[in-house]
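Each protein sequence line maps, in turn, to chains A and V.
Heads up, the first sequence is in the working numbering, so the first residue is 1 and it goes up one at a time.
Heads up, the second sequence is in the working numbering, so the first residue is 1 and it goes up one at a time.
Keep in mind that the hints were calculated from the coordinates and are not lab data.
Among the hints, erroneous ones may be present.
[Unchecked claim] A few chain A residues that don't get close to chain V, going by computed Cβ distances all over 12 Å: (1) 50; (2) 108; (3) 228; (4) 231; (5) 233; (6) 254; (7) 312; (8) 364.
[What the hints assert, rightly or not] When the alpha-carbon atoms are kept at most 25 Å apart in a straight line, the in silico DSS-like pairs for lysine-lysine are as follows: (9) V:476 x V:463; (10) A:340 x V:80; (11) A:373 x V:303; (12) V:445 x V:392; (13) A:406 x A:352; (14) V:80 x V:116; (15) V:80 x A:352; (16) V:131 x A:340.
Every value quoted in this text rests on a predicted model; they were computed, and no experiment measured them.
A virtual CB, placed ideally from N, CA and C, is assigned to each residue, including glycine.
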Amino acid sequence: MTKTIKQIQQGLAQKEFSSVEITQQYLDRIASHNSAINCFITVTDELALQQAKKADAVIARGDARALTGIPLAHKDIYCTDGVRTSCASRMLDNFIAPYDATVIEKFKLDGAVMLGKTNMDEFAMGSSNENSFYGAVANPWDFERVPGGSSGGSAAAVAASLAPAATGTDTGGSIRQPAALCGISGIKPTYGRVSRYGMIAFGSSLDQGGPLARSAEDCAILLQTMAGFDPRDSTSIERPVPDYSEALNEDIGGLKIGLPEEYFAEGLDADVAKVIETAIEEYRKLGAEIIDIQLPNLNLSIPVYYIVATAECSSNLSRFDGVRFGHRCDNPIDLEDLYKRSRDEGFGDEVKRRIMIGTYALSAGYYDAYYLKAQQLRRLIKQDYENAFEQVDIILCPVTPEVAFKQGAKTDNPVSMYLQDIYTLALNLAGLPGMSIPAGFSQGLPVGMQLIGNYFDEPRLLKVAHKFQQATDWHLKTPEIR
Amino acid sequence: MAAWETVIGLEIHAQLATESKIFSGASTAFGAEPNTQACTVDLGFPGVLPVLNAEVVNMAVKFGVAIGAEITPISVFARKNYFYPDLPKGYQISQFELPIVGKGQLSISPEEGVSKLIGITRAHLEEDAGKSVHDAFPDQTGIDLNRAGTPLLEIVSEPDMRSAKEAVVYARKIHTLVRYLDICDGNMQEGSFRCDANVSVRPMGQEELGTRAELKNINSFRFLERAINYEIERQIDLIEDGGKVTQETRLYDADKNETRSMRSKEEANDYRYFPDPDLLPVAVTEDDIERIKASLPELPEQKRQRYIDNFGLSDYNAELLTASRETAEYFEQALAQDGGQASQLANWIVGDLMGALNKSDLEIQQSPVTPEMLAGLLQRIADNTISGKIAKQVFEAMWQGEGNADDIIESRGLKQITDSGAIESLIDEVIAANPDQVEQFRAGKEKVLGFFVGQIMKQSKGKANPGQVNQMLREKLK
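One chain only, chain V, in its complex shape:
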């Protein structure tokens, strides 16, 4: 059996976070009553004309600059002609031959220590279509044009990814980037960030690309991975059974975890692209680019490097902390509260906090434990008020809403026992109760020390300072 190589390219539609639409003044807010946010321009009424929202150009250039892409000095809007009820004008205004953002690239790290460059072919501006509503009226289809005219940036990658995992890492990285740049809210459930995947397979070592299928309707990263993996398997099975992959668009069905044919290449439209005579070419000058460059926030890549260089964080922690703007903000806020050592703080965020967030399906900005609270907890570890082990209990209580670290330590009496008299009496008790183990230790069996420490900590309900216990125990057992 041949070994197969998978080839994946992604087309990502990022909805640009403008207040008004790309060619009209109507609002872009999500979730309004059907057809209440569509003006005559969005409805494609006779005689109306589009006027470009200048903000979308800024946003597209921001993205282009962030991926080090060529910015097209004069880009052109074109009409993509096809009939569909949710496409009011009978054409979509998009960019075809001259997209605003040209070639760029993005470095991804699919595994610790591995880095790979993914080429970005282009990114272009276009308007979104409306929505067909199939379940509102019996035997009829409703059209909701609220979304029509919402600005999109379509980011097209080269077919540079070789596994579903790489595709997900790349998509996440783009997701992080557009949110850092504040040009897209990244909400996949509401369709603000959508991924289409072009997937093909070829025998390992073959130059020529296999026939691809385009997967649509994927609204989470988890589904992206599943859809691609399903499709890879389907194509390999098909070929190994003597069949042929046909070029087509396939819809991903998350409930059944499968992809289904939507339309083949033969049924595809001839879009008859031509420059839109209603819109002027878009000029972006060197000055514009410089101005936008200067206004960029610190990008995830730069931030990650700074965390490693300045705070001594591990690659892994730095990557996770910068994976979203909100996580990085959380980290930096806690750090500003003098939350102890940066690396220890990073461990707490990446470990306990993220674990708890995942379990409760919460975003970091919804965390019941605020950066101030976490910093407060870490201070108590640093000043030896509590041990790291007790800190876990305190964290759990903070998560449950019992107050900040000091309140919980106080009310639960978790303060570490550092009084040597109290520790000494605990040690004496345990030594007296275990003469056999004392013998063993004195006979040279060092390991038994752990047993004593465990017993003492148990007696103190974990509150005894472990360092002190260790030291005093050794003295006593001599």
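So here's chain A without its partners, still in its complex pose:
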């Protein structure tokens, strides 16, 4: 049951199994293990089998497309027509989306089967998946530990083989960090590469959808379907989508890999650092040139991020007011009561905290000092990367300072939780693509390695990750689940 998308594609093509059979196998695994892992909020078993049956007919006709009959799980942040889309919030516990997100629509067009909607931090705000109205998600490698967040449900589902691959979204590391903590591969594309239409917004200028899968090869296959210009998203970019799978076969000789000294500084766990160093050696062996670089403004990324993301979310989440959809308090006495109680009851603590920070940052008299300043610093951070990419092709660094931590370990200290994302969120501020792939283990837990590419350089990113996975077998390790 540890099949990759690539293997399922081949199995379906060679009639080793049908889509209904493979879909049923995943549904069975979900039935056995989801209660312990809690990675699905909604399992759409009937719909999945219907879609699988249709897919089998399409395959029999010889009309199969890239993903026809392949079961996938979707983060519960993507709107799915006729299916509850909760964003892991009480606010949307009753919300049945009336339309499909562009990403979902594209998967449907390519014939994919939807197994269900995965758990996440509420409105994608968190790094441990502990901020979910539907409860925390267990890390398949150690059920007492967190899977990371916010796409924790998607990462855990793939790591535990409850789905061969899943979609996620990444605002400050929400694909890369859980992929790292769960020992799988994930890519956050360049901002504008994947349509945000139908992806419930957290930080609009930072949010980007992408896949979580067992290998870089699978990420390439899924990104092929997800990427592309969408006239319904003004920030998506009109630019042809290259053939990502084709690119995997290209050579990486002469590749220049940059190691930013700021990422290997204080705060990085020594064991994790050792794993990354071994991975760097592997690249040296593959013929890459390793170059030390600087990203001097990296230390600004946490404060800048927590102004920009919270400011945008404070406004994005205003539409959840109990008037048209979502949670509405009982018997409101007047309009203000309706707003206050609906929002107080509907949102969890972390969401409220970020709405308050963002509201403050945008307030009259504070705007210049916070939001405007943050936007200026954001440009500096972006410049650092632009300078770095004049010297190197790829930047390599850790994804997280440490391996998966115990549930509850950081819930009382938001700032230590925010520090989890120190290596990931600068990318979102710059809009650059980044990947996380398994690089080894520390204390029996997976360690992820981050690869950062230049704008729209996803082909190279995927290729560099793929070469590592051809040379090593870290990505093939799976947790034992009883």
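With the hints as your guide, set chain V onto chain A.
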């Protein structure tokens, strides 16, 4: 008692006449069943995103070019955050720091021969909100989001107006302009053209502005004038009684002709404006501006000047004829029908036609007397078939739907008597009946001539050609 000076600035919301909304494909047609013209974008559903309707940018630039304003090369949409049930997203997408249209100006003529420049601070694009419906359900408020997302151009003037009259003249001029440009239907009843007035007073000669009140809910020019005048008086009375004007928003109540406090500055929202990350900045190039400039129709100002220069119209008539696109079209259509002298035609339109339209509360495009019919009437005056006085009767009959001028002249037998034999016998009769007056005239009392003319015209039921009567009468009385 001090003399007071009034200071007025206007914020005009012109609804742009697009087929679809500013950020969605939903229709903008007025009057549909509640919530039938609101898609998921207008309803602010989770996950949806706005996409700018390119037509609104064209329209805004048209306006900017027409008032000679600076067009911002890169303008930015911003979110104006506040909670209200008819505002689905919890923010309105508007423009704040970088509006599409910058500084411009408009010349107005509040009185004949007086002209004054009114500064326009800016004009920016934004989406309209929905409507709260308070009378549809007992104890509950309904929300109709059909209007949500309708494109608006908010035109903000400098505080350059000094009386309600000037404000009305300015507002009318903007109204005329947006309709000429075909960017707004100007329908005030349906809310397509709305005026908010910022009004303050200060002692004559004082530099510093007084505290202002913002008047809202004004849906006609008449109400605009009344609301401002009421507010001026209220503020002066307040100050003269030792009180102070507070900065606030006041609603105009047309039924009671008064303004009432809606919210004060202290209760005002902190809108927390910031650039909308869902929308790209709007770029307008020099080429775009040139292309739009070339596509502009003749503007009212140019038309007015042309009427004066080419047709010899008076300032007053030229102003009135160009006050709306439809009136100017009426005039030009009638002129094209060879309706006689332009100035005479102008007098007829400005006088009899507009009088009749006003009395019946009709727009010129609804006039029962078409430009062709009016031209037909003027031809009959020009060729002496009827006199100007009889023409009034014919016009009245045309207005009542009795047909065109020729039909009416024929059926009512109004043709002018130009047969000198017939006129002569009329003159003879009147001279014979009034020997005393004949004596007086011959004794040098010229004025009596008028009496004879009157008598003869009366006898002929106005049909005798007055010129001929005059001439022949003088001969006879010699």
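Least C-beta distance between residue 233 of chain A and chain V, which was stated to exceed 12 Å:
5 Å, violated
May I ask you to check that residue 108 of chain A keeps its beta-carbon over 12 Å from the closest beta-carbon of chain V?
16 Å, holds
Measure nothing beyond the straight line between the CA atoms of residue 373 of chain A and residue 303 of chain V; if it is 25 Å or shorter, mark the hint as holding.
Since the Cα atoms of residue 373 of chain A and residue 303 of chain V sit roughly 51 Å apart, the hinted pair is violated (cutoff 25 Å).
Are the Cα atoms of residue 80 of chain V and residue 352 of chain A separated by 25 Å or less?
20 Å, holds
Taking 12 Å as the cut and beta carbons as the points, is residue 50 of chain A off the interface with chain V?
Consistent with the label, residue 50 of chain A stays out of reach of chain V, its closest Cβ about 24 Å off (over 12 Å).
Verify this label for me: residue 254 of chain A is non-interface relative to chain V, using a Cβ-Cβ cutoff of 12 Å.
37 Å, holds
Hint consistency between residue 340 of chain A and residue 80 of chain V [alpha-carbon to alpha-carbon, up to 25 Å]
20 Å, holds
Does the claim that residue 312 of chain A lies outside the interface with chain V hold up, using a Cβ gap greater than 12 Å?
Incorrect as stated: the minimum Cβ-Cβ distance to chain V is 6 Å, not above 12 Å.
Does the claim that residue 228 of chain A lies off the interface hold, with its Cβ farther than 12 Å from every Cβ of chain V?
15 Å, holds
Quick one: work out the minimum CB distance from residue 364 of chain A to chain V and report holds if it exceeds 12 Å, violated otherwise.
The claim is violated: residue 364 of chain A sits with its nearest Cβ about 5 Å from chain V, within 12 Å.
Residue 131 of chain V and residue 340 of chain A were given as a pair; does the straight-line alpha-carbon distance stay at or below 25 Å?
22 Å, holds
With 12 Å as the threshold, tell me whether residue 231 of chain A passes as away from chain V on beta-carbon distances.
7 Å, violated
Figure legend: structure checked against the earlier numbered hints; hints not met, in rising order: 4, 5, 7, 8, 11, 12, 14.
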